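J.: If you read the sequences in order, they're chains C and Z. At position 99 of the first sequence (counting the first as 1) the number is 99 in our numbering, and the numbers step up by one without a gap. At position 81 of the second sequence (counting the first as 1) the number is 81 in our numbering, and the numbers step up by one without a gap.
Honestly, the hints are just simulated from the structure, not real lab data. Nothing here was measured: the structure is a model prediction, and the numbers come from that model. Just so you know, nobody snuck in bad clues.
Partner residues aside, some chain Z positions facing chain C, computed with beta carbon under 7 Å:
| id | residue |
| --- | --- |
| 1 | Asn23 |
| 2 | Thr26 |
| 3 | Ala27 |
| 4 | Leu51 |
| 5 | Asp73 |
| 6 | Met77 |
| 7 | Gly81 |
Okay, derived cross-link-like pairs now, DSBU-like style, lysine-lysine, Cα gap no bigger than 35 Å in a straight line:
| id | chain 1 | residue 1 | chain 2 | residue 2 |
| --- | --- | --- | --- | --- |
| 8 | Z | Lys43 | C | Lys17 |
| 9 | C | Lys170 | C | Lys108 |
| 10 | Z | Lys40 | C | Lys69 |
| 11 | Z | Lys41 | C | Lys170 |
Where is the CB? At the ideal position from N, CA and C, for every residue including glycine.
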Amino acid sequence: MNQYSKDLDRFVELLAKFTGISKSKINSFLEYNSVSTIFEHPASLSPKAEHIDKINDLKLLRNCYLNLKSHDMEYVLNSSSKAGDYFVNFFMDYKDKEKFVCSFLDNKNRVIATSIMSEGTVNSAFVFPRELLKKAICYDACSVILSHNHPGGSTNPSKEDVDVTNRIAKVLSEVDIKVLDHIIVGGDRYLSMAEGGYINTQTLVGNRVIENGSEYGIKGNNPSLKKRKRQMNYEMQL
Amino acid sequence: MKYEEGKEMLSNYSFMIDGNEENIDTAARIISKYTEIPYKKIKTFIMAEGLKTLFDNPSLIGANEKQTRILFDLKEMIDWGFDTYESV
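Make a model of the complete structure from these sequences and hints.
T.: Right under this line is the structure:
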């Protein structure tokens, strides 16, 4: 049996399940007609009103799915600059209060979902590692990127920001989920805590960015980008 | 609605309402009919998380085993190899 026959069998099985039309009737119809005909002219398969309604429902659902899917963008956050841009854009509409959000990523750093984990007042937001862990498992995430905004516009991380990041990283590391970065957004600017060396690189994957999309960083004590930039500026001045 | 490099940024709540309320409404109504998950619950979920997430991770909406099977089958049904074998 070739792949097409297998796929067609499965299609018939599912169509029978969702419409109540017998498999033998669908198979007989498909001997001389295409699958498309079923959706374009449902009455040609079965004249019963209830069958026609169900086929039309499936057709409608397919159209809705395709329409919604075409609007779904796939975001790959494989570098701190991409993550920074992503969260600056995200917080564009949330300038009134501090919010703590988390992007859950798959093994290729593609965003599975981005959720607001907590909302605070104008200058504080609380986040519970337990809630974050629950969501990360639900989404089958391989890694996460944390972010929060400072409505005041500053991007300097506080001691609490560093502490909460390390606490979350520790909890998630128990289930092999990496915290790749924590982005702080202040207005149109952002700061990557991994890039700035604020995060414990022993806990995280690393702080060097590679662009092949497979990992956000690499293991080891590589000099941070900030350090390297500083070094480059110094060399240029000389 | 936000843009980055000429493309829509983030499938967030407001974006979904702006462009796709009718699609979401229809999808929620049909899925509710098959799964018996309340229509409003599905609609809210699709608005916040997207239809793809609903199909890929039914546990997030609290679907039971039977409802999860239905959602997986529905996705398979509407995603069947139309592009490979035919175009509707």
